[in-house]
Amino acid sequence: MTQTFKFGFIGLVLFYVYSPIFVLMVNSVNGSRYGNKWQGFTFKWYEKLFENDALMQAAWHSLVVGITSATAATVIGTLAAVALQRYRFYGKGAVSSLVFVSMLTPDIVMAIALLILFVTLGIELGYISLLIAHITFCLPFVIISVFSRLKGLDMSVTEAARDLGANEWQVFSKIILPMILPAVASGWLLSFTLSIDDVIVSAFVTGPGYEILPLKVYSMVRVGVSPEVNAISTLLFVGSVVLIVISQLLLRYKRK
Amino acid sequence: MTEYQPLLQLSGVSKTFADNTVLDALDLTIYDGEFLTLLGPSGCGKTTVLRIIAGFEQEDCGSVMLDQQNLAVLKAELRPVNTVFQSYALFPHMTVYENIAFGLKMHKVAKADIKTRVDEALRMVRLDSFAQRKPHQLSGGQQQRVAIARAVVNRPRLLLLDESLSALDYKLRQEMQIELKRLQRQLNITFVYVTHDQEEALSMSDRIVVLNKGKVQQIGTPREIYENPANLFVARFIGEINQFDGHVVRRIDEQHVEVVAEGADWVVKTDHPFVADDKVHVLLRPEDIRLTKSELVLDSVHVEGHIYECSYKGKTLDSYIRLASGTKVIASEFFDEDDPDFDYRLEQKVALQWTTGWEVVLPYEYAN
Ligand SMILES: Nc1ncnc2c1ncn2[C@@H]1O[C@H](COP(=O)(O)OP(=O)(O)O)[C@@H](O)[C@H]1O
Ligand SMILES: [Mg+2]
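If you read the protein sequences in the order shown, they are chains A and B. For the first sequence, the residue numbers in the UniProt record's numbering are 1 to 256. For the second sequence, the residue numbers in the UniProt record's numbering are 1 to 368.
The set of hints was computed from the structure by calculation and includes no laboratory data. On a predicted model such as this, the values are computed, not experimentally measured, just so you know. Treat each hint with caution, since some may be false.
Okay, the calculated bits of chain B under chain A, using three or more residues with CB under 8 Å as the criterion [unchecked claim]:
id, stretch
1, 76-89
2, 309-317
Computed spacing ranges between beta-carbons, pair by pair [said to hold, decoys possible]:
id, chain 1, residue 1, chain 2, residue 2, range
3, A, Val238, B, Leu78, 34 to 40 Å
4, B, Gln132, A, Ile128, 46 to 52 Å
5, A, Ser226, B, Lys105, 58 to 64 Å
6, B, Arg223, A, Tyr90, 51 to 57 Å
7, B, Leu78, A, Leu63, 43 to 49 Å
8, B, Pro92, A, Val64, 53 to 59 Å
9, B, Lys108, A, Val238, 47 to 53 Å
10, B, Gln132, A, Val238, 37 to 43 Å
11, A, Phe89, B, Lys181, 42 to 48 Å
12, A, Thr71, B, Asn188, 19 to 25 Å
13, A, Arg86, B, Pro92, 44 to 50 Å
14, A, Arg86, B, Lys105, 19 to 25 Å
15, A, Leu63, B, Pro92, 55 to 61 Å
16, B, Leu74, A, Phe89, 23 to 29 Å
Where is the CB? At the ideal position from N, CA and C, for every residue including glycine.
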């Protein structure tokens, strides 16, 4: 009895969470344009998607922003996490808390703040402003990911390395980095996913000259939900799931 | 000892963490080629001494000189000193070979030489066939040997070993003690070994430094430390010892005084300039005490007591005796199978005897 209840309840939760996505995925291969009834399996919406140059252009932009911002955030975030772990300095506690706070800042607040910043500094809205904004909101995630990995390590190995003649840079590149690499990679994947998925911050800080995928999809939906939107959303969903699964596997692998 | 030259000199080294004084004006000279052991209870500052020598901790005051060079100006990575860490601290992402080669790579030794020296080090610690393993695929004893090989392959002037054997089980520890001694002789590197295990210290060291509360209690060969402890702390820390409190009655000659303790007159041998009425501790090792049935003892200095516990130790029989004053004494005698009287019965009255000169006489300290 309790068993059926337990599984029934969990089933209900999963149904609640995944049914919209399921409907979306089904409709992306549904022959019917309006998706109210099943009219046979088709890939034609996906084909149309790849013929849509504006959409492909936006997807390319998203990829570029995603890769560059994830990479920059990973480099900066990793160094920051190592500094937080290794060095004692004044205000270290405050810095750690601020990292957490920035992660919890509402997107809309960050979006407006960044927009004001760019306008004040006279930075043109486009690739550069997007890049800076995405690095900003990805950074805390990288720092947290790398920092928690560092905390779990036996740091006497860094002393052993110095004892054997390694300087600060060699300790970092030959000892610390290889040991935290899974967390660094996982931080990169997470950043990339956040960047590709972001709508709110991007909507504020990009210009008309540089369209990215989520915003393009958003503008298409305003005209009405088309099967192409179902198709692109399905692709985005599958892509995100794959990346997140990889990043979780990396985090688990490192614990051995 | 005289053939050795001073290698490292700590002078007046103090270290305080917050308001916890860990080292208190420590003076210590380490000679080239010796096996020196820092022995003391846990928390007495042994690791801190090693960390200061290695350069991971900065002394508050005092100086550390290696070969007349002040180490204060030298960063840890530049000191000709290597450490075998208490936790081994092997690099988990590298193979055994890469671990051992690490120091040589950092010092930019030529590739071909690295291979020769690492192979040699692997043979030395008998791990030739484990070169390609990762540390987590090795047993504790093997990891320990990798840690030693990784340090000695750099041919340091000074090798620091922090409780390196304490994580191993008894049998392996014994083997590794012999192994370490062999290595030290073979390599002719100065070893500074830290332990809280007095047996280990006695069996391996050329000299022992007994530390307590950040102060040197005594420096000497294992024999000096065991046979002539400088104070009560050393006497009690190194092996079992029986303590009798008494006072000097009179001086007999240059080397002997008469002491009253446990209600008896004792003639004891001492170099200390005791005078009448000085309070003293007379200390006797359990193995220096002979027990006889008390009715057989007619003359000579002896004390009487009752056996209240016996414990068979294989090689020896340990008897626990309570004296009339309540003082408890342990006597440890070699087992003699042919002696029918050897098995003392519980509650039997016995006489304790020893050879004059085997006792240690110390000025009275308040501690008991
Ligand atoms: N980095 C540190 N910060 C604060 N206290 C320390 C530090 N290192 C050691 N101590 C303290 O110094 C004392 C001696 O430590 P240690 O040298 O490790 O002793 P041992 O190796 O003899 O057990 C201990 O009380 C320990 O708590
Ligand atoms: Mg210690």
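We went through each hint and held it up to the structure:
no. : hint                             : verdict
1   : 76-89                            : holds (count 9)
2   : 309-317                          : violated (count 0)
3   : A:Val238 to B:Leu78: 34 to 40 Å  : violated (54 Å)
4   : B:Gln132 to A:Ile128: 46 to 52 Å : holds (48 Å)
5   : A:Ser226 to B:Lys105: 58 to 64 Å : holds (60 Å)
6   : B:Arg223 to A:Tyr90: 51 to 57 Å  : holds (53 Å)
7   : B:Leu78 to A:Leu63: 43 to 49 Å   : holds (47 Å)
8   : B:Pro92 to A:Val64: 53 to 59 Å   : violated (36 Å)
9   : B:Lys108 to A:Val238: 47 to 53 Å : holds (49 Å)
10  : B:Gln132 to A:Val238: 37 to 43 Å : holds (40 Å)
11  : A:Phe89 to B:Lys181: 42 to 48 Å  : holds (45 Å)
12  : A:Thr71 to B:Asn188: 19 to 25 Å  : violated (52 Å)
13  : A:Arg86 to B:Pro92: 44 to 50 Å   : violated (18 Å)
14  : A:Arg86 to B:Lys105: 19 to 25 Å  : holds (22 Å)
15  : A:Leu63 to B:Pro92: 55 to 61 Å   : violated (35 Å)
16  : B:Leu74 to A:Phe89: 23 to 29 Å   : holds (24 Å)
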